[in-house]
Every structure is written in C-alpha cells, then in structure tokens.
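Q: As they're listed, the protein sequences go chains U and C. To convert a position in the first sequence, counted from 1, into our numbering, add 895. To convert a position in the second sequence, counted from 1, into our numbering, add 75.
Hint data in this document are derived by calculation from the structure and do not stem from the laboratory. Computed from a predicted structure; not experimentally measured. Backbone N, C-alpha and C define an ideal beta-carbon position, used for all residues, glycine too. Treat the hints loosely; a few may be bogus.
[Stated by the list, open to error] Taking beta-carbon pairs under 7 Å as the criterion, some of the chain U residues facing chain C (in silico):
1. F1071
2. V1072
3. L1454
4. S1538
5. G1539
6. R1542
7. A1546
8. G1551
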Amino acid sequence: MTVTGYGWVVLAFPLAGMLVCALGYRKLPGHSAGWIGSLAILGSFVASILMLLELEHLPTEEREVVDSAFTYLQTAGMDVDLSILVDPLSVFMCLVVSGISFLIHVYSIGYMDGDEGFVRYFAYLNYFVFSMLLLVLAANFVILIVGWAFVGAASYLLISFWYRRTTATRAGIKAFVINVIGDVGLVIGTFLLFDATGELSYEGVFAAADNVFTTNDGQLVAACLMLLVGAFAKSGQLPLHTWLPDAMEGPTPVSSLIHAATMVTAGVYLIARMYPLFELAPLAADISAVIGTATLLFAATVALVVTDLKRVIAYSTISQIGYMILGVSVAAYGAGLFHLMTHAFFKALLFMGAGSVIGAMAGNQSLDRMGGFRKSMPFTFVTFTIGALALAGFPLMSGFFSKDEVLSYTLHRGGGFVVMAVVGYLAAAITAFYAFRMVFRVFFRAPVPEARELEAGHPHHGEPHNPATGEPEDKHVGFDGTEHHNAETSWPMKLGMAPLALGAVIAGYVAIPGVTDTLEHFLEPTFADSRFIDDKPTDAAEYTDLGIGGIMAFIGIGLAFVVFLRRRQLRLVIRERWTAIHTFLFHKWYFDEIYDAAVVRPMAAFGRFGKNVIETRFVQGTIVGGAVGLVRAGSNVARSVQSGYLRGYAALLVVGVSALGVYFLIRATGG
Amino acid sequence: MDVSWFLVLSAFIFCIGAAGVMSRRNPLVVLLCLELMLNGGNLALVAFARMHGDGGGQIFALIVMVIAACEVAVGLGIIVAIFRRRLPVDVDELSDLRG
C-alpha cells in the first residue's frame, strides 16, 4: 500500500470505532466498547508505523506525499480537496497521537469501569482521536480548520462528560468559547493568506508566499498573528489559557489525553507546519516566542501554589507547552517537536498517576488532603515519580534532553533570545520544585486515612460529591458516581501506565545531541527549506546547556525536599512571610477575575439589558403587544356581531339581503 | 293571468315566513316559517318559469323542495335532540354561540 493509503487507514480506524460505539451504545455489553475503542486506536497506531516504514523507503526529497479523496469544495477561484499530506511531521504527530491515545484508552477501561456513560465515553474518545488525526494529516487549510473545530467539539464533549455536574458543564462552555475564539483567528488567518496567494493548500500557499510577500509584510504578519490566536487558544497560552485548568473537570484520562498529551499541542504543530510563513514574518515568530516565554514562567509560578492536584499538572502543561511554542518560534522545530513527544509521555503518565491517586481518594483532588500513599500505592508511586523526574528534567530522563534542547537553540539565537532562555532555565528550576512538591505531598509524610484504608486492602468509598464545590451527587449517568479505581488493583490502568513510564525514561534517547540525532534527521525533509536548517548550536554548547538544565533540576528538587519533607514548617513560614505574593499566585495572577470584570460581566450586563429593555419593552411590548392589541380591537368589533341569538342572525340576513335588493332595484330603475 | 299576482303572493308568503323566523322563539315554529320562505321562493320560480314558458324554473323548484326536505329532517333531528336533553325549547335561550 502507498504511504497515503496507510494515511487513510489511520483515519478510518477511529472513525469506525466511534461509529460502532455510538450506534451500538445500547447493545455493547460490559467492557466491549472499551476494547473496541482501544483496538481501533491500536489499528490506527499500527497503520501509522506502517506509514512510517513506507515513508522511509521513499527518497528524502520525495517525502511529502499528498493524496486527495474527492473534491470537497469547488467554486470560482477556489478548489479544495479532501486531501491528506503525509510527510515526516504528520507521521510523527500520528505516531504520538495514536500511540499515546491507545495507552490512554486501555487505562480508561479500568478508570471508567462502572461509570454509567462508559460506551458514550469511548465514542467521544474515538471521535477525538479521529479529529486530531484529521487535523495533523490535513493537506490544506480547510481540512485543517475542520479538524481544528472537531477537536474543539470533542474537547467540549469530554470536559462536560459528567454533564449533570454544573462545574463541569460550565468548564466545557468556557473551553468551547475560548476555542471558538481560536477557530475564528484561524479562519481569519486563512482568509488573509487566501486573499494574498489565492491558494488554500499548504504547498500552494507556501510556494506563493515567497513571491507574494516581502519579509515582515503587513498582511503576512497579520495572518500569522491570527494563526497564533488559533494556536494559543488551542494550546492554552497567554492570554487564552484560562480554559485549560478548568478543563480538569473532565475525567482524568481525558485530561491526560486531550489536555496534556495531544490536543493542546495542536498549536505547536500549527506553528511548525506553518514555518515557511513564520520565517517570512519573523516579527510574528518573535511575538510568539515572547508569549511562549511569558506563559512558561507564568504557569510555572501558579503551579507552585495551586492545591488541586490535577490543576497543578494542568498549569505544568501550560508551562511545558510554553517551552514548545518557544522552541518552534525560534526555528528549533526539531527541538520543539521533540519536547512535544517527551512531554506527551511524561505528562500523560503524570495524569494517569494522579487519576490513580484520585481514585484512591474517592474523587478528592486536594493536595491538602493527600499524603503517605507511598506504601499503599507502590506502582503509582514509582510511575508518578518517573513522570515527575522527566518533567523536572532530571538528568538522563526524557524531559532533560528535550527541554534543554529547546533552551539550547534559544540561547544559540543570541540577542534578546538569551533573556528568554534564562527565563526558561529559571522556570525549569520552578518546574522541578512543583513537580516534587506533588510527589512529596502525595506520597510521603504520614499516611492519610484513605491511604491507611488502602493499606488494609479496602479502597476508600466516599459519598459521591462534587470535589470542587462539595455538592452532593448521585451515582447515575452524568455524574462521577461512587466507583473509583486505582492502578494498584486495576490491571488495564497498569497496562496503560507501564509503557508510558518506560517512554518517559527512554524517549529522550532518540535525540541525544551528537549521538542519536534520529528525530532531527527524520523530521529534516519537512523543514528542509528552513533558513535556519544549518544554524544550530554545536554539540559542546548543547552539552553545556544540558549541564545547566541538570543543575536547575537538582536545585528545584532539592528545594522541594527541604521545604516539603525536611523542614515542613518552612512552607507555612514562607507563606506567612510573602502573603501578598502567595495570594497573587493562588488567584492565578487574577486572570479569571480580570476576564470576569472586563468581558464576562459587561457581556452579561449587555445580555440583561437586551433581555429586560430590548426584548421586554421593545419587542414584546411595542411590536408584539401592538400587533396583539390591533387584532384584539378588531376582533372585539367582530365579536359584538356574534350575539348567539338565532333571530338576530336571521334579522341581519334579511336586512342584508333587502339592502342588496334595494340597491339593485335603484341601479336598475335609476340607471 | 299576469305574473305579477303570483309574485306579490310569493313576496307575501316570503315576508310572513321571514317575520316568523325573526319574531318566534319556538324552534319548531321557526322551522315552519323557514319552510314558508322557501315555498315563497318556489312560487316565484314556478311563476317565472311559466312566464318564460320553459321548464327550467320548475326543476329548480323541485330541487329546492328536496333541499327543504333535507333541511327539515336535520332541523327536526336537532329539535328532538334538544328535547331529549331537556334543554329549553327557545332559540333565545340557546345562545351558546355568542362570540
């Protein structure tokens, strides 16, 4: 089969899985929906591997294959095919998305066991994977936008999965609204490009861009900034990040898959895919790099103080995506995508570990309530710690190589980029600190009652309630329910986590500077036209930077050790000493409050004005009320004739006929 | 004989009928008066037919009679139903159709 043939197969599997789960949701017994969904994604993953092997057979310069299924849209001057582009970048993304998704599907079989919406869950999950694969395989802007919007819809469905939980539906709406802002940005960006180049396929636009635009052409910069709006909304970058922490209302495997490993990296993919445009518009790329840097620092500081376990990891995700955005914006495409891959491994793993702990806590997510799970949950402890080490950039773990490669390339660009790299290193230390804040607070210290119960072999079962608000819930469909599972007793969860733990350790070895530049060489055909292709730091410089990164990780972990284990009162002392900073960070830099005051409240007030004044007074009162009054007055006149007296009617009839007769008589005689 | 005599008679019968429909309250009488009106019309039709010397008008009169028979059948049915349900036999009392 051809490369693109496999590409279609990659898309077909999750689509088929979704249809089977969605249409058979009453018929599928037990766990079968979970296995059907998982096997569909496994099929997709296998097809991705075959696609990779097939692509490797092609000569380097021919490794960009476009295949069109049919014409999607054809009007004057516009010709859009439903076509896929298979090149190293899309194959790479397919492998990451389908591989991680498969493991998370398997994990979900254990985690969602007993949930009333089990089949629906897998239908949504397969739909998401299909949308994401469509996004990365698209060969033109229209299909990209379709995939982009599908992914947003899937995200909405899964965040609001427990749809009777008000906080979850609210979070879903918030995510959807912000994602739609991104969609609009993407569409406007596409329009600006189409306006100038008259093309919608990637190759067409990129080929025409060189001739149409000069460097930093106004329209091109505007188009790139609009694309960035799309990328930032999807990837949770400043200032459009506020939906991502709230998205943690969804089931934990969803957070793991969508809001950590795959969907949120779509923005990184977009910038990497659009690299010819961003290299023509360095201004936009620089803005993107600055925002990436600001985001990675901002999110890292918030992750220091947030007490909700999943939200800590969510802010960590925002921060890590900041690194990726920084990477692809400084033309370190290989490095940015490398970090995307390693991050997918260790962040999915961290979420799965968090899910396991939350299962043991019967749904409670507060770090303040956790502690001492080391003995009762050895498997979760080991895997979570591996994830935390990789996140912290501990030497020889995957995150160590990828994060430092991004920073190394940033340093190499010199000038203002040095500042960004320094901020990146600073945030790396913070990252290590908050990563081990989680480890130490969850797994060390005295066991909490839930941990003791688990040690005695009885997982904790609490009354079902909303972990965010404490509202009581029941166990029927649309709520989390009473059944909670942890990885210690659920083998599918272990099956999902173990390969990821392995990946979190060894994924970095595919791109050790100077030793195995596998990933870089693999991606090279996609970025062959980049003007920075040969402008890379020397191996010696990269090793120096790796050393700095390692030191930062040690500093962070060491500080966490002192603050959270050795001298525990220090935590409170620090909080007392810098209350203002703590409050500022705890309120997440007041972004939600600012948006609430600047956007949400005025819009709500405008809405109320519309409802109370325009709708009630004008539409209902004047237009509708006026028409009703007119009809009512008219019918009152007509009603008065309808007396109900038979004799009256007869009299009217006689009078009428007589009048008619008289009229005709007068006409006939008088002329 | 001049046709106008017949017409005058027919007009008289019609007016008596119309006056009865308008003034009487017993539905049975109202129905009788209605028949008077119809037959007044019939008389006019027959008179005109004779004046013109063709049978068309007489056929009309026959059809009107058939229709009148139907109407009486329905009307008497309604009156019997009113009786059975012990409703007042008075068209002024039966004014439920008031709008």
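Q: So which of the earlier hints does this model not fit?
A: The structure conflicts with hints 1, 2, 3, 8, although it agrees with all the remaining ones.
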